[in-house]
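Model the full structure from these sequences, guided by the hints.
Using numbering that gives the first Met the number 0, the final residue of the sequence shown is 162, and nothing's skipped along the way.
To be clear, the hints were calculated from the coordinates, so they are not data collected in a lab. Predicted model, so just to flag it, every value in this text is computed and none were measured. All C-beta atoms in this analysis are idealised placements derived from N, C-alpha and C, irrespective of residue type, glycine included. Worth double-checking, as some hints may not be accurate.
Here are the computed lysine to aspartate or glutamate pairs in the EDC-like style, where the Cα-Cα straight-line distance is at most 20 Å [what the hints assert, rightly or not]: (1) Lys-27 to Asp-58; (2) Lys-1 to Asp-38; (3) Lys-61 to Asp-102.
DEER-style ranges, computed between Cβ atoms [what the hints assert, rightly or not]: (4) Lys-1 to Gly-127: 30 to 38 Å; (5) Lys-61 to Asn-153: 20 to 28 Å; (6) Pro-20 to Leu-76: 41 to 49 Å; (7) Asp-115 to Glu-150: 22 to 30 Å; (8) His-130 to Asp-14: 41 to 49 Å; (9) Thr-142 to Pro-73: 16 to 24 Å; (10) Leu-11 to Pro-73: 32 to 40 Å; (11) Lys-75 to Ala-7: 40 to 48 Å; (12) Lys-21 to Arg-152: 17 to 25 Å; (13) Asp-116 to Asp-58: 21 to 29 Å; (14) His-70 to Asn-153: 22 to 30 Å.
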Amino acid sequence: MKFRNGLARVYLNEDAKCQTPKAEGCVKYRLTGYFPKHDLLLIEVGYWEGGSWLLVHVDSGKTSEIVAPPHYSPGKLWLVSVASGVGPSGPPDGIDIVLATSDPSLKEWHYRSPDDDQWLYEFAGWEGDDHVELVATSTETPTKRVTAFVERRNGDWHLAGPK
Numbered sequence: 000m001k002f003r004n005g006l007a008r009v010y011l012n013e014d015a016k017c018q019t020p021k022a023e024g025c026v027k028y029r030l031t032g033y034f035p036k037h038d039l040l041l042i043e044v045g046y047w048e049g050g051s052w053l054l055v056h057v058d059s060g061k062t063s064e065i066v067a068p069p070h071y072s073p074g075k076l077w078l079v080s081v082a083s084g085v086g087p088s089g090p091p092d093g094i095d096i097v098l099a100t101s102d103p104s105l106k107e108w109h110y111r112s113p114d115d116d117q118w119l120y121e122f123a124g125w126e127g128d129d130h131v132e133l134v135a136t137s138t139e140t141p142t143k144r145v146t147a148f149v150e151r152r153n154g155d156w157h158l159a160g161p162k
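If you want it as structure tokens, here you go:
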């Protein structure tokens, strides 16, 4: 892939490694999305067990690792990605809030749920460009679903909840 700033990067599938019994080093890249307003590519990275996601700026090649396909904020300034699951496979559990633009004055935010976290988070929606609503489900009592949110205050993102 050649970026607009002249840099290039190769995303190479390791098909031969995926055919071995252990599948050690197996990786496959798949273009799954394009955000034309900001010239962003969404690439799914598949492994023998699980996967991850990359958000790539076509102008510079800058890459952000995220946990799931993202959702634009209302003003299209931010993208939020939320993933939670039970068990070790799949992307890491967590929340990512990344910039849709290349503005060095604004900070991205990445949260990874600890292994003993008692909550699974789901994206519920944006309230403005500085507030992400989440639904949190208890791992101990799966019928217990409560509200949580991530909010931007004084330039920094903060996870609050579950309530």
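Next item on the list: State the violated hints by number, sorted upward, taking the hints as numbered earlier in the document.
Entry: 1, 9, 11, 12, 13
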